[in-house]
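If you want the building blocks of each chain, they are given just below.
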Amino acid sequence: MLAQVDTDFQEQITNTFEDLSNGVFSSEPESLQNWRKEAFSAFMDLGFPTIKNEDWKYTNVKPYLKSNFTIIPNLQEIQNGIPAKTENFFGKELSAYTVYVVNGKINFEKSNVPDTNSVRIQEISESYATDGFLSRLKCKRDYSINPFLALNNALFTQGIYIEVEKNFQLDKPIHLVHLSDLDQEYFQLAKNVVIARQGSHFELIESVENTGHNNFFRNASTEILVEPNATFNHYKLQKGSENIRMVEHTEVEQQADSQYNNYTFTFPGYQFVRNNLNLALTGSNIESHMYGLYLTGGKQLVDNHTLVDHQQPHCESNQLYKGIMMDKSRAVFNGKVYVHPIAQITNAFQQNNNILFSDNASVYSKPQLEIFADDVKCSHGSTIGQLDPEALFYLRARGISESEGRSLLVNAFAFDVAEKIENPEIRELLENEISKTMTGVEY
Amino acid sequence: MLKIKNLHASVEGNEILKGIDLDIKPGEIHAIMGPNGSGKSSLASVLAGKEEYEVTEGSIEFEGKDLLDMDPEIRAREGIFLAFQYPVEIPGVSNIGFLKTAINDIREHRQLPPLTAKEFLQRTKERQKLVDFNSKLVNRSLNEGFSGGEKKRNEIFQLAMLEPKLAILDETDSGLDIDALRIVADGVNKIQSENNAFLIITHYQRLLEYIVPDIVHVLAGGKIVKSGTKELALELEEKGYDWLKEDALNKTV
Ligand SMILES: Nc1ncnc2c1ncn2[C@@H]1O[C@H](COP(=O)(O)OP(=O)(O)O)[C@@H](O)[C@H]1O
Ligand SMILES: [Mg+2]
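Taken in sequence, the protein lines are chains A and B. Going by our numbering, the first residue of the first sequence is number 1, and it counts up by one from there. Going by our numbering, the first residue of the second sequence is number 1001, and it counts up by one from there.
Any given hint could be a false lead.
Unchecked claim - Below are the DSSO-like pairs computed for lysine-lysine, each with C-alpha atoms no more than 30 Å apart in a straight line:
{"no.": "1", "chain 1": "A", "residue 1": "K420", "chain 2": "B", "residue 2": "K1050"}
{"no.": "2", "chain 1": "A", "residue 1": "K37", "chain 2": "A", "residue 2": "K57"}
{"no.": "3", "chain 1": "B", "residue 1": "K1100", "chain 2": "A", "residue 2": "K436"}
{"no.": "4", "chain 1": "A", "residue 1": "K420", "chain 2": "B", "residue 2": "K1003"}
{"no.": "5", "chain 1": "A", "residue 1": "K436", "chain 2": "B", "residue 2": "K1118"}
{"no.": "6", "chain 1": "A", "residue 1": "K420", "chain 2": "B", "residue 2": "K1100"}
Keep in mind the hints are simulated off the structure, nothing from the lab. Computed from a prediction, not measured in an experiment: that's the story for all the values here.
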């Protein structure tokens, strides 16, 4: 039974699944219906994860599920054509093809979709017949460590499908802005599928904001395929309203000679964020970079779980995650690297550095390396510390005040990740945000 | 300018400085020599305001003000500069950016307007030349990946930029080859004036051939055991420190 939540929510989940199975799901392809049933029964067996689940040991989701959440599968009826507010979200000033996804549905009227047949941006519910879509959507995943994904697969009705055609290079990033503005306590189930066809090259930015005044839980999952020779830069800009709680599950399959770069930046705001980022390197000569910065404040809980699965030889993966924890916030980093026996000549690097900026903040950092090949260059490092007192003294001995010195050092610490961002506009936005967040923060 | 009286200081409960008296006047150059571990860097650290050091007895006056009452940054703004024996590397903090902040903080403290961008650039160019400091290094992260000699030269470049009243050089000569040593010494000699003073800590008398001190002190076992003219430095070079140590020991018995 779902010990983690109250009976109303349990019933709602069961009823929603039944209603949908008899409703919209019944017109979906049969294979999809079976896949959903499997996911549903997996979720019913597992329930929401508890801290007994090794992958959720330091992240107790129970308090974040305690609300009168409503799953609203048929939003169109409720939305009543009222346009959502779009004034405020982090990253608004970026020049991009901005695509507004309002309460789970694309608002084409407000959006600026690239004017080309080489880029497809559409609702998932209209994509089942698209070549390769279903098999990507239905990739087999381990539900036991990802109960939220099981629930997502069983119940989602909304989501976006993005496909960039072979060899196409998009001139500006696509910016997916996930907005919600509902008055209910909304439990959103969103699914995205992204396919970067052979040799394509593009960037995707994602922002999430809730302008409603009630708690909002976003359970989102994204399936990504990066075909041979394609390059895909993926930015997650996580800053917004304090009533947001979210689990973002991202699965990436990279094929030969491809490049995938993920940048996940989390600032004070959202009450709870869990990012799962799983990369499967299924070809040779792949490059993967994962850069994360979590700058946490208030009572925030930010959890980054990563997995890089080296299945083939001659690949390189590089993870750099840095955290600065302020106030009473908590952070978790768990980075797993798995190198299969045939994956010779693998380079896998992982670095996680943390600074506790308050006595009441905490962080758990856990690298997990499982290496079964012998010709492997692997390194990992994990540090938790305060600012270097020698460095601070050096600055003060030159006439710089203690607080100014701290802010210089903390900026330097965080900028190290920010400077890896290729897109100059995004880099500037994030650097400014780092400065703004850290200026005047007292230790 | 600087009056140290009966200074005792300890770190982690161990007394390191055991009663130091020192009087430095404007325009003077003092040298402090002494064996490893005698407390030379400790004295410099106490002057700069390092918090690990606890002053248990004595006083330090700087231009009539109680130095021990001031935070490290206030001391710097009042005009004390320490060229560190081991300058730290600070990745991500730009050398030039941090200097600009420091200069303007110091100027504000002295009720001077901030330097304009042009003035700052002008000063940078000029002082860089003065100590022959590579302009590429000026724009890099603070000491990051610098060689030992480059770090030491950067300290002197910063000294030239910040124009302190009292500059303390802690073994700036170690790690410098003879050419670099000469350049650094020339720089110091150009900066030296009637209005500022230098306290030069060194292990060898080599540097003192180029920067001629008015007074040489010998620090041993946390005390100044001997003071004299520049000839004392030569004597030390010849005889080593052992005779002095015994001397000091005898005195305390
Ligand atoms: N942070 C510290 N903790 C404990 N002992 C220290 C510390 N710093 C210096 N010392 C001790 O103080 C003594 C003097 O050191 P130092 O001032 O560096 O000497 P010098 O510069 O003359 O070589 C040494 O015995 C050294 O071990
Ligand atoms: Mg020393």
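Checked hints:
1. Proposed proximity of K420 (chain A) and K1050 (chain B) is contradicted: the alpha carbons are some 35 Å apart, above 30 Å.
2. This hinted pair checks out: K37 (chain A) and K57 (chain A) have alpha carbons roughly 28 Å apart, not beyond 30 Å.
3. At roughly 20 Å between alpha-carbon atoms, K1100 (chain B) and K436 (chain A) fall within 30 Å of each other, so this suggested pair holds.
4. The straight-line distance between the Cα atoms of K420 (chain A) and K1003 (chain B) is roughly 51 Å, outside the 30 Å bound, and the hint therefore fails.
5. Using a Cα cut-off of 30 Å, the hinted pair K436 (chain A) and K1118 (chain B) holds, with the two alpha carbons roughly 27 Å apart.
6. Proximity of K420 (chain A) to K1100 (chain B) is assessed by CA-CA distance (about 26 Å); at most 30 Å being required, the pair is judged to hold.
When held up to the earlier numbered hints, the structure conflicts with 1, 4 and fits the remainder.
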